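Here the structure of chain A is known, so what remains is to put chains B, C and D in place on it, guided by the hints.
Chains as they are written, first to last, in the working numbering: chain A, 3 to 348; chain B, 3 to 348; chain C, 3 to 348; chain D, 3 to 348.
Derived from the structure by calculation, the hints contain no laboratory data.
All clues stand as given, with none of them false.
In this list, chains with the same sequence are indistinguishable; a pair is considered to hold if it fits within one copy or across any two.
Only pairs whose alpha carbons sit at most 20 Å apart, straight line, appear in this in silico EDC-like list of lysine to aspartate or glutamate:
1) LYS42 - GLU60
2) LYS253 - GLU173
3) LYS42 - GLU280
4) LYS95 - GLU70
5) LYS95 - ASP63
6) LYS253 - ASP228
7) LYS5 - ASP72
8) LYS253 - ASP302
Small disclaimer: the values here were computed from a predicted structure and weren't measured.
There are 4 protein chains.
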Amino acid sequence: MIKVGIIGASGYTGAELVRILVRHPAAEVAVLTSRSYAGKEMAEVFPHLTGFSDRVLETFDVEKVAAECDVVFTALPHGHAVPVARAVLERGKRLIDLGADFRFRDAAVYEAWYRVVHEAPALLQEAVYGLPEFYRERLRGASLVANPGCYPTATLLALVPLLRAGVIAPEGLIVDAKSGVSGAGRGLDLRTHYAEVNENVQAYNVGVHRHTPEIEQELAVAAGKDVRVSFTPHLVPQTRGILATVYANLKAPFSTGELLEVYRYFYQGEPFIQVLPEGVFPQTKSVAGSNCAHLGAVADPRTGRAVLLSAIDNLVKGASGQAVQNMNLLFGLPETTGLDFPGIFP
Amino acid sequence: MIKVGIIGASGYTGAELVRILVRHPAAEVAVLTSRSYAGKEMAEVFPHLTGFSDRVLETFDVEKVAAECDVVFTALPHGHAVPVARAVLERGKRLIDLGADFRFRDAAVYEAWYRVVHEAPALLQEAVYGLPEFYRERLRGASLVANPGCYPTATLLALVPLLRAGVIAPEGLIVDAKSGVSGAGRGLDLRTHYAEVNENVQAYNVGVHRHTPEIEQELAVAAGKDVRVSFTPHLVPQTRGILATVYANLKAPFSTGELLEVYRYFYQGEPFIQVLPEGVFPQTKSVAGSNCAHLGAVADPRTGRAVLLSAIDNLVKGASGQAVQNMNLLFGLPETTGLDFPGIFP
Amino acid sequence: MIKVGIIGASGYTGAELVRILVRHPAAEVAVLTSRSYAGKEMAEVFPHLTGFSDRVLETFDVEKVAAECDVVFTALPHGHAVPVARAVLERGKRLIDLGADFRFRDAAVYEAWYRVVHEAPALLQEAVYGLPEFYRERLRGASLVANPGCYPTATLLALVPLLRAGVIAPEGLIVDAKSGVSGAGRGLDLRTHYAEVNENVQAYNVGVHRHTPEIEQELAVAAGKDVRVSFTPHLVPQTRGILATVYANLKAPFSTGELLEVYRYFYQGEPFIQVLPEGVFPQTKSVAGSNCAHLGAVADPRTGRAVLLSAIDNLVKGASGQAVQNMNLLFGLPETTGLDFPGIFP
Amino acid sequence: MIKVGIIGASGYTGAELVRILVRHPAAEVAVLTSRSYAGKEMAEVFPHLTGFSDRVLETFDVEKVAAECDVVFTALPHGHAVPVARAVLERGKRLIDLGADFRFRDAAVYEAWYRVVHEAPALLQEAVYGLPEFYRERLRGASLVANPGCYPTATLLALVPLLRAGVIAPEGLIVDAKSGVSGAGRGLDLRTHYAEVNENVQAYNVGVHRHTPEIEQELAVAAGKDVRVSFTPHLVPQTRGILATVYANLKAPFSTGELLEVYRYFYQGEPFIQVLPEGVFPQTKSVAGSNCAHLGAVADPRTGRAVLLSAIDNLVKGASGQAVQNMNLLFGLPETTGLDFPGIFP
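Bound conformation, chain A alone (with noise of 0.2 Å):
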């Protein structure tokens, strides 16, 4: 059994690893730490687990968790992880950070972003970037893993096929994104107050939001060239679920059923990763709760645009999940291992 520490447990990521993991057949919970919640049972402070976990939350002690763990998941604000990471490196365990601290290959493009000296650029450079479906054998051989963030997985996953493939230009990307509230954290904000999101859709961070650069940094592998998105998330009221719209201009008057069988090649064999039939959307109703992220397709002759649809439950396969999968690849193990459910509908 791999032995697995969670360095955050009790926000709402790392509530969704333990729900994973206590049905994964090859690991288990061994420490869960929490700064605000040290002390209390997990399925006290999550009453959903009550029956499955009777772990208790801890402060965070290196030499416990590197003793105790093979593996570290940490999910943390950014900054935080780096002191987590170098701590458990050194000691010879593996670490999958669910923050941004390790997502950047240039520590120059994490600081302008978020404003903070990286303090260990060193190992941006041991860290993969954890989106299987792209990075699949660097991952294997892993001790650092940057899981994604949950708007850089749906939207990557329905424009890198396409940019690889060449069928749409690198120029003019178009990322507008719907996230349910529960990517927002259970950290407590006027923002996230139920009075004020429930029948409510806006945008925020318009323009500016972190998620660009990741995005943009990746498009960039896939294009060969840099590139720019718009990229505009928006809030719409609901728990879970991120829907990526994304535009962008076809080189070549493909058809509907190009794009997709663009997707169905490139996404063969992927057990994740459902392609819909032309004519029917993604919904993130059908992915929640599941690690799946599903991708539509539409182009538009009028404009000579591509419209691109993708799904996912931002806390599964936009976090935890994919965090568990890329375990499963440090590990050796078939990727779906403890991650073969279909999502909760309705």
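For chains B, C and D alone, coordinates are given in the frame of chain A:
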């Protein structure tokens, strides 16, 4: 592998059975039937099953179903399960009905509340009421299971232990239940039209809901005498979940702790029943997607009354999960097989 | 024009007062105070008021408020309205308190449930309980109004007429209430964090909610004797609305029609009380945004019990609308002035 | 008093017209017709109107309507308003159509997108497109008003000023719109069934929605040349509100402040258009229930693009409120008559 047939698979309970069974290690879906969607793939009707089920919905053919299946689940409007049951049982197979056709020991009660003639009253003697926490032994040897209604499940789990223990009176019971909208099924109706239900809470079928006699039948067993309840169902603007708030007169000045103690004693070892600590109240969100029931209680010395709280997912413990739990019992499997997963939170 | 001051204007009831008063033909908002947002424009804090209010929030200055206003509304945590009231009344102006400070005739009851010493018990004799349907005449001459709680308003409208008519017993009353989340105010709390409340129904403060003694005080007046109720509030995933489902023992086998007849007789001519036809049940959505209450009833001969249903908008008839209704009474205006608009549906 | 007839009053836009008109000081509802509910009281079909409307729904009788009304609102499926309009106009009365029958100057465009033959193309020349902010003068003298679609209203308010000012290019426009479910009307459909829509966001009619040519027609007027837009509507889990997120290429490196300045200049004096301060983004909740539109903008120097945000209530400014605004213009009333109320928040 147990071969399973689902008759009426294109409704929500049918889809939920498939969601659960695709990861059941000892069962497999062999036949899915639907009147409205025959010929379509299940995953076309329910996209969340894309990649998890490749079965095609068929029209119902009793010979085929009986030949290919070990157990048949019926998820049909009342009255329609009787002929299926007869045919399936005659062929030596087992049947679990998710509707009301076999829930009553007395055909006259069924006929009075459902306003149809029962066409096979003899089968009522054969049927076992499928609440494993109360009828486990009888279920092990059963061929015909009457899977309980969602409201009765939530209500009985709260009331039966306290009635049996004699701490509450069988007179003056009041059940005020709040249900998510999925309980009303997938059939179109202005009452379940989004814009009419959202931001709305309302009572319906006050005093005349058909789950009333079902609740009363089982309470009478527990109390050893006839019982009458005031039962008021409400629709709340959410998809899944039932919370039953039950009011009962205490027979003596018991404390909250003593009520919870009765629950804990009664349900010890039960894998799906969680008695929450004093001061913690069940919430539907904590059981969404799981087969668990959460129970809480408050003894109010001011009024001499107990307030009991019971939360389940109406589609899981209130329908399809409980049906699979019953199937496990019928086939000698551990009851938790295929059901040992926590709910989804948030 | 009546000059109005609102103390604590940056909460939901404060904003709702402004929403109503900006179209009141005989009143105008003169002073808005807020501790947290002083110096900001009201429309900055509440963008829905953009173009309707150009007032700036100020810190509270009793001299200024008393000098510039004819009537003061206090929307403050309990205990905080007492000094404001004293100062305002001393200066010969009127005060309508939307909190609990003046709702109890007996200071000891207040002190027992709110666990603070009442600092001006003498004012309790002066205060009139602001339910115009029951205390209209006394309100006309009042200087100090205790605006009722949201749950008591919904509950009392359903119970008082039947108690006074003697058709239900004062013993054995049960109030099961469901409230939208706005009732919890704008203060941040995990209990009102979107992802925790959405898709969730739960009870809270079972048996100990502070609206209980307020309900009991007024029921005692109607019954002519002490009354004890079981009161259980629930949070449902919607922003506005309270539905109270009330259970009462019938003193004789009255019919549903007779119960409704009592309501119709009692409330004839009342502009804000709508008694729905037999078989139609109140729903919160039908009163959202309006000052109306919808009432329904079912007599259940099986149990000898009446089930009473009462729906209001917690922020309007349950708070700010009723406060303006009271203001109209105080100033000799028609009660519907500024309040004669239907709710928003859907 | 202006006598108003509403043809198709049992849908959401019909009910919303009644909600607005019952407090309109210079108009009164004279006739309400409905095919499905004729003979029922309006308040029976829509309980929120109990106490506000005692009118009975009738079957449509053109002579009666024309005789008793000064102006007729048609809220009918496309194609059905043409015969009503003809009959009403012949009798010298005015007509405001809330559907698509008179929105296009070119019958061929209508016929291509709506796939029916237009039966009175001559009326298209007579009809005035009812966006008062753009066509106020022509509306004052009009007899036939084509009330705009909800998506076009939100979109055009954002785009027209910037196109006319020449700060954005007419090429490359993308409109990503999110709508509440009430926009789909009261007709039953699995797509608007509560359990399918709740906790779900999805695109629909991608590239083929019928509001596309309406948007393009009006943008062409503003741009002085043909315009093609990518228009993608989405359904979000809320009842009311549209947020249009619009992407446009800046013709020069304008700042956010300059974009907002164009809006403020263009809309100065407009009672229903609120341009929000820099950094504040429109949200649907702030305009729910009101006839206001909130506008915001961000100039993104990284991409050379403007992101424009426009929020309206689809049933008010997007339908019935705008229709009443048009009626006011037709009858020489101040435009805000009966419409000068803020939205409901929270």
